[in-house]
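Novice: So you can see what is in the structure, the chains are spelled out below.
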Amino acid sequence: MTEEANLDYIDNLAGGDASFRQQFIGILKDEFPSEKALYEKSISEESYRMAYETVHKVKHKINVLGMERSHALAVRHEAELREGLCNLSGEFQEVLNYIASYLKTI
Amino acid sequence: MNCIIIDDEAAARAIIAQLCSEVPDLDIIEQFDNAIDGIKFLNQQTIDVIFLDIHMPGFTGIDFVETLKNPPKIVMTTSDTEFAIASYEYEAIVDYLVKPITRERFEKCIQKVQNSLTAQPTQAANGEGGNTVGEDLYINIDRRLIKLKYDEILLIEAKGDYINIKTENQEYLVHTTLKKIHAKLPEELFLQIHRSYIINFSKIIDIEDNSVLIAKNVVPISRSNRPELMRRLNLL
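Chains as they are written, first to last, in numbering that gives the first Met the number 0: chain A, 0 to 105; chain L, 0 to 235.
What you were told as hints is all true, and nothing was included just to trick you.
Straight-line distance between alpha carbons at most 25 Å, and here's what the computed SDA-like set of lysine to any residue pairs gives: (1) A:K40 to L:T59; (2) L:K107 to A:G15; (3) A:K40 to L:D141; (4) A:K40 to L:D32; (5) A:K35 to L:V97; (6) A:K35 to L:D79; (7) L:K111 to A:G14; (8) A:K40 to L:P56; (9) A:K35 to L:P56; (10) A:K28 to L:H54; (11) A:K35 to L:I100; (12) L:K111 to A:A13; (13) L:K107 to A:Y8; (14) A:K35 to L:D32; (15) A:K40 to L:H54; (16) L:K107 to A:D7; (17) L:K107 to A:R20; (18) A:K28 to L:A9; (19) L:K111 to A:N11; (20) A:K28 to L:Q30; (21) A:K40 to L:R142; (22) A:K40 to L:N33.
Partial list, derived from the structure: chain A residues whose beta carbon lies under 8 Å from chain L: (23) F23; (24) H55; (25) K56; (26) H59; (27) V63.
In case anyone wonders, no lab produced these hints; they're calculated from the structure. We put the CB at the ideal spot given by N, CA and C, even for glycine.
Construct the entire structure; sequences and hints are all you get.
Specialist: Right under this line is the structure:
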């Protein structure tokens with residue numbers, strides 16, 4: 000089961016600045032769906048280099064959302080994609096699906 | 000102290016911008032989502048510090064650092080600790096921040112930058128020609144910086160708003176003027192022999208009346224440029 004995301008890092012960074020908090024969440028909501036779509040397209044086309052670049056970008060967001068185990072998975076997946084292997088795409092897709100749902104709730 | 004932020008990820012730029020906003024006397028001048036726009040900016044403006052993402056598609060942060068002749072202070076940012084060792088090989092890099100960046104770590108970083116600026120005056124990137132490196136010239140084509148060695152270049156021809164750089168094996172159409180590229184080329188190697196042509200002096204095969212042969216290219220010599228060409232020839 001996918002671990003839960005949290006906003007601890009963002010809240011700490013905002014330090015009570017509600018406007019920054021909202022702006023940052025807006026950026027995540029804006030940027031994440033296109034990265035997820037690009038990842039899915041890259042995997043379906045077996046374009047592992049592009050997939051690797053996208054995982055690299057997404058893994059920062061996973062970290063920002065406090066998902067440590069999922070971040071570790073992203074690191075492994077990125078390394079494997081760099082070697083042309085795609086064994087973890089199913090598991091990683093679940094993480095992406097979860098984040099997509101989570102971002103709709105915040 | 001002023002800075003720019005270069006990172007292809009908007010969320011990462013927002014985090015650094017927020018942390019910068021908490022530092023007194025630190026102004027963010029500009030933010031870029033790619034290194035090439037950052038280099039263009041540095042050709043026109045002096046800054047104290049760059050927050051630079053290492054891992055960007057196409058042109059990486061390390062490529063960026065290697066491109067600058069007199070870089071300002073640089074703080075590398077990345078999600079991968081494995082790049083840390085590589086980044087410390089460059090004198091301009093004063094610190095290395097692993098994402099997601101914490102406030103405590105960022106404060107330490109700013110202290111390092113300030114110490115570094117106090118210890119040694121900024122050698123910020125300057126204007127025209129400041130970022131050509133050694134024996135190379137970087138040209139901007141379709142948002143990629145391509146490295147050309149001076150001695151690969153045969154000649155450069157003006158083509159309206161563009162110039163055509165001819166090498167032994169390839170031609171590059173670049174959006175700039177002959178005057179601008181002439182300013183960046185070493186004088187001892189390149190000479191303008193016509194209002195539309197700069198040649199690599201070392202590539203001349205022969206000269207006949209009003210033209211020069213360079214590889215298979217016949218290049219006209221204008222009357223006004225001819226005396227300078229003749230002056231530089233080692234005539235028997």
